[in-house]
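Going down the list, the protein sequences come from chains A and B. Going by this note's numbering, the first sequence opens with residue 1, and the numbers climb by one from there. Going by this note's numbering, the second sequence opens with residue 1, and the numbers climb by one from there.
Misleading hints may appear alongside valid ones.
[Said to hold, decoys possible] Below, a list of computed lysine-lysine pairs in the DSSO-like style, where the Cα atoms sit at most 30 angstroms apart:
#: 1; chain 1: A; residue 1: Lys216; chain 2: A; residue 2: Lys64
#: 2; chain 1: A; residue 1: Lys347; chain 2: B; residue 2: Lys132
#: 3; chain 1: B; residue 1: Lys132; chain 2: A; residue 2: Lys216
#: 4; chain 1: B; residue 1: Lys64; chain 2: B; residue 2: Lys74
#: 5; chain 1: A; residue 1: Lys370; chain 2: A; residue 2: Lys154
#: 6; chain 1: A; residue 1: Lys216; chain 2: B; residue 2: Lys64
#: 7; chain 1: A; residue 1: Lys87; chain 2: A; residue 2: Lys354
#: 8; chain 1: A; residue 1: Lys354; chain 2: A; residue 2: Lys376
#: 9; chain 1: A; residue 1: Lys330; chain 2: B; residue 2: Lys74
#: 10; chain 1: B; residue 1: Lys68; chain 2: A; residue 2: Lys317
#: 11; chain 1: A; residue 1: Lys87; chain 2: A; residue 2: Lys64
#: 12; chain 1: A; residue 1: Lys354; chain 2: A; residue 2: Lys250
#: 13; chain 1: A; residue 1: Lys87; chain 2: B; residue 2: Lys92
#: 14; chain 1: A; residue 1: Lys330; chain 2: B; residue 2: Lys92
#: 15; chain 1: A; residue 1: Lys376; chain 2: A; residue 2: Lys422
#: 16; chain 1: B; residue 1: Lys4; chain 2: B; residue 2: Lys74
#: 17; chain 1: A; residue 1: Lys330; chain 2: B; residue 2: Lys68
#: 18; chain 1: A; residue 1: Lys154; chain 2: B; residue 2: Lys132
#: 19; chain 1: B; residue 1: Lys64; chain 2: A; residue 2: Lys87
#: 20; chain 1: A; residue 1: Lys347; chain 2: A; residue 2: Lys317
#: 21; chain 1: A; residue 1: Lys216; chain 2: B; residue 2: Lys68
#: 22; chain 1: A; residue 1: Lys347; chain 2: A; residue 2: Lys376
#: 23; chain 1: B; residue 1: Lys132; chain 2: B; residue 2: Lys92
#: 24; chain 1: A; residue 1: Lys154; chain 2: B; residue 2: Lys74
#: 25; chain 1: A; residue 1: Lys216; chain 2: A; residue 2: Lys193
#: 26; chain 1: B; residue 1: Lys64; chain 2: A; residue 2: Lys317
#: 27; chain 1: A; residue 1: Lys317; chain 2: A; residue 2: Lys370
#: 28; chain 1: A; residue 1: Lys330; chain 2: B; residue 2: Lys4
#: 29; chain 1: A; residue 1: Lys347; chain 2: B; residue 2: Lys68
#: 30; chain 1: A; residue 1: Lys154; chain 2: A; residue 2: Lys87
#: 31; chain 1: A; residue 1: Lys373; chain 2: A; residue 2: Lys533
#: 32; chain 1: A; residue 1: Lys154; chain 2: A; residue 2: Lys64
#: 33; chain 1: A; residue 1: Lys376; chain 2: A; residue 2: Lys154
#: 34; chain 1: A; residue 1: Lys317; chain 2: A; residue 2: Lys87
The hints are simulated quantities; they were obtained by calculation from the structure and are not laboratory data.
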Amino acid sequence: MSAQSATLKSKEELIQKWSKPEVITGSEMLLRSLLLEGVECVFGYPGGAVLYIYDAMYGFDDFKHLLTRHEQGAIHAADGYARSTGKVGVCIATSGPGATNLVTGIATAYMDSVPLVVITGNVATSLIGTDAFQEADIVGITMPITKHSYLVRKVEDLPRIIHEAFHIANTGRKGPVLIDIPKDVSAAKGLFKPVTSVQLRGYNPTVQPNRMQVDKMLRAIEQAERPLLLVGGGAIYSGAHEELYEFVTKTQIPVTTTLLGLGAFPSGHELHIGFPGMHGTWTANTAIQNSDLLINIGARFDDRVTGRLDGFAPNAKIVHIDIDPAEIGKNVPTDIPIVGDVKAVLKVANESAKRADKADAWRAQIQQWKAAKPFKYIDSDKELKPQWVISMIHETTGGDAIVTTDVGQHQMWAAQFYPFNKPRSWVTSGGLGTMGFGFPSAIGAQMGNPDRTVVSINGDGGMQMCAQELAVCAINNIPVKVAILNNQVLGMVRQWQELIYDNRYSHIDLAGSPDFVKLAEAYGVKAFRATNKEEARRAWTEALNHPGPAVVEFVVRKEENVYPMVTQGSTIDQMIMGDAE
Amino acid sequence: MNRKHTIAILVNDQPGVLQRVSGLFGRRGFNIESITVGPSEEPGLSRMVIVTTGDDHTLEQIQKQLYKLIDVIKVIDVGSNPMVARELGLIKVSAEPSARPEILGIVETFRAAVVDISPTSLIVQVVGDSEKIEAMIELLKPYGIRELARTGVTALTRGVK
Chain A
1 MSAQSATLKS KEELIQKWSK PEVITGSEML LRSLLLEGVE CVFGYPGGAV LYIYDAMYGF
61 DDFKHLLTRH EQGAIHAADG YARSTGKVGV CIATSGPGAT NLVTGIATAY MDSVPLVVIT
121 GNVATSLIGT DAFQEADIVG ITMPITKHSY LVRKVEDLPR IIHEAFHIAN TGRKGPVLID
181 IPKDVSAAKG LFKPVTSVQL RGYNPTVQPN RMQVDKMLRA IEQAERPLLL VGGGAIYSGA
241 HEELYEFVTK TQIPVTTTLL GLGAFPSGHE LHIGFPGMHG TWTANTAIQN SDLLINIGAR
301 FDDRVTGRLD GFAPNAKIVH IDIDPAEIGK NVPTDIPIVG DVKAVLKVAN ESAKRADKAD
361 AWRAQIQQWK AAKPFKYIDS DKELKPQWVI SMIHETTGGD AIVTTDVGQH QMWAAQFYPF
421 NKPRSWVTSG GLGTMGFGFP SAIGAQMGNP DRTVVSINGD GGMQMCAQEL AVCAINNIPV
481 KVAILNNQVL GMVRQWQELI YDNRYSHIDL AGSPDFVKLA EAYGVKAFRA TNKEEARRAW
541 TEALNHPGPA VVEFVVRKEE NVYPMVTQGS TIDQMIMGDA E
Chain B
1 MNRKHTIAIL VNDQPGVLQR VSGLFGRRGF NIESITVGPS EEPGLSRMVI VTTGDDHTLE
61 QIQKQLYKLI DVIKVIDVGS NPMVARELGL IKVSAEPSAR PEILGIVETF RAAVVDISPT
121 SLIVQVVGDS EKIEAMIELL KPYGIRELAR TGVTALTRGV K
């Protein structure tokens, strides 16, 4: 393992070894460059066009290569690694089908601004454009879903391109960068000289904010009677949770964190009011609609947060802090735009931020709402309720696990009933809403966080979209704890069909899915099934105590819906509250 | 309010850069009325000139989204300043000998040029802003336009900046 070899030789010795200028192949340049970027683990799948690269990895142990069972598993794992560590995730796939199998993962990372370097092989340069075996124009295919991409034409360009790719992926608004390497380029020899600086004239993200704009925001806070912070994933990606905490402590403004912002601010804090939007808290949605000053910190006014745009935050002056100027004013007209890195902006703001003194009545009002309108569900002793299962998982992991999910009901219940107190603990496909993301991303998160408990919460639908990666957990003893909330149906689709399509349940029945316990056991993974609370608690505890990977299938009530719910086309204060309310 | 905008974009002269720019317009739902590309004053950089329509919000989004492309160095809203915008049109028009004097009269009035003559047709070359080219086309229509090629608008702001 990489960690062991790194302790045997000193880091400096290794860097010196890797940096030594010499004539080597493109494949060796790639590996050296990855090492010099600090890569510890790559996720990949070999094939014809990357044979030279994999040949260079033969017997190579300076970083770990995890062989997944599908390229999609590799890229989601790299994504989970990146989201949970803040480092760049790296994956490798071959040309053609290998590369196109990455597309969903690239789009997932792009939508949620996750830094990835995606390496694909391609056919030899002489064959490009001839419809050669396993040829696909992956640079062209992924142009709309990458931050940038490269087709490497000369072996001498590789070190520069790799260094630029890491720089672009993990600065500014982060995102996936694709490097397509034709087979002859990975085979060709050239002089390797490490590249340590970038010169990109067209790429200079604004990090430091305009102080006048920050002052305008601070003055607006002094005047505001009903101020609110809307905190998004940008606060986590810029590592700004401490600055945010200080800002809230100084201003005493209530905080709502978006789905991707969960963990940026401690959920247990009295000023935290949960997440807003389609299935968010009554308090967060009501507070947004009633606020007179809404300060968006690194969120992007996604439609799942805003609901009907023309009725969103109708009384609020809007402040928007974002590193991506294109987000400001894109969906919601902005009164005070602040372009900059969230951490840098809050540092400046904290120098002179003062308590929002006119907002005492508002704070009291919000406390009252919060107490009256928590997430609710009707519990049962006869059947397992998914919300109870999530609460039990929260309790048994001390609220301290890294939790990953796909998209759908289980994702919303996890967001509602697993409150996070630390950043980089919540890995979920927000923007793209990708089924099959949660489980492989948990593998990546565990690779990046060997000492933390990693829980993958899945539905029975999404689990079947990447279940093959159970093999990776078993073979490498990656101790991910997999919870499957099995309601034998595509739950969120069922919910929409019930509430919006007059109970016309069309093609959502997942009965006849495999026995998940047997499936896991077939891969050599310990597995349990639970149908009531007692079994659930016992099985889950046993799974947590097991030193390796484990799967627990929770058979839960099929008809359970996620509430509150804002239907599409409604403003966010028009919530369906469900039976428990 | 929808208006016509002329945007100049300085880009790295890299393979695929036209695809990046035109693809961005396509997927964000921005329309392209015309696009021209060629070398700029600086080696390694190309100048694209795109004519698009949209309201001010759309124009702002176009500019911001373009700046996100790594190969885009500078975006200039040429149309917001006094500018010189020119297009070249080649019009192959039916021209029996009897009709030629009239056609040549139109060409002369427009300070256009005849660049090819065959027994039954002429190619007229006209340079100017788009309105001028359109006026020329209208006037030549009655004689029978056989083929038409337009370059699209290229433009620079006037003065030193």
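- Task: Mind checking the alpha carbons of lysine 64 (chain B) and lysine 317 (chain A) for me, to see if they're no more than 30 angstroms apart?
- Result: Holds. Lysine 64 (chain B) to lysine 317 (chain A) sits at ~23 angstroms (cutoff 30 angstroms).
- Message: Next pair to validate is lysine 154 (chain A) with lysine 132 (chain B); report whether the Cα-Cα distance is within 30 angstroms.
- Response: Violated. Lysine 154 (chain A) to lysine 132 (chain B) sits at ~47 angstroms, over the 30 angstroms cutoff.
- Are lysine 132 (chain B) and lysine 216 (chain A) close enough, with their CA atoms no more than 30 angstroms apart? Distance ~49 angstroms between lysine 132 (chain B) and lysine 216 (chain A) Cα, so the pair is violated.
- Query: Straight-line Cα separation of lysine 154 (chain A) and lysine 87 (chain A) no greater than 30 angstroms?
  - Reply: Measuring from Cα to Cα gives roughly 28 angstroms; hence the hint holds.
- Item | 30 angstroms limit on alpha-carbon distance, applied to hinted pair lysine 154 (chain A) and lysine 74 (chain B) | 27 angstroms, holds
- Distance restraint between lysine 330 (chain A) and lysine 74 (chain B), which requires alpha-carbon spacing of 30 angstroms or less: 20 angstroms, holds
- Restraint status (C-alpha distance of lysine 330 (chain A) to lysine 68 (chain B) at most 30 angstroms): 14 angstroms, holds
- Does lysine 64 (chain A) lie within 30 angstroms of lysine 87 (chain A) when you go C-alpha to C-alpha? Holds - the C-alpha atoms of lysine 64 (chain A) and lysine 87 (chain A) are around 15 angstroms apart, at most 30 angstroms.
- Task: Decide if the proposed pair is consistent with the structure: lysine 216 (chain A) and lysine 193 (chain A), CA atoms, cutoff 30 angstroms inclusive.
- Result: 48 angstroms, violated
- Task: Quickly compare the C-alpha distance for lysine 330 (chain A) and lysine 92 (chain B) to 30 angstroms and report which way the hint goes.
- Result: Not satisfied, since the Cα-Cα distance of roughly 45 angstroms exceeds 30 angstroms.
- Message: Next pair to validate is lysine 317 (chain A) with lysine 370 (chain A); report whether the Cα-Cα distance is within 30 angstroms.
- Response: Holds, because 23 angstroms separates the two Cα atoms, which is no more than 30 angstroms.
- Item | Restraint status (C-alpha distance of lysine 154 (chain A) to lysine 64 (chain A) at most 30 angstroms) | 27 angstroms, holds
In this structure, the earlier hints numbered 1, 2, 3, 5, 7, 8, 13, 14, 18, 22, 25, 33, 34 are contradicted, and the remaining ones agree with it.
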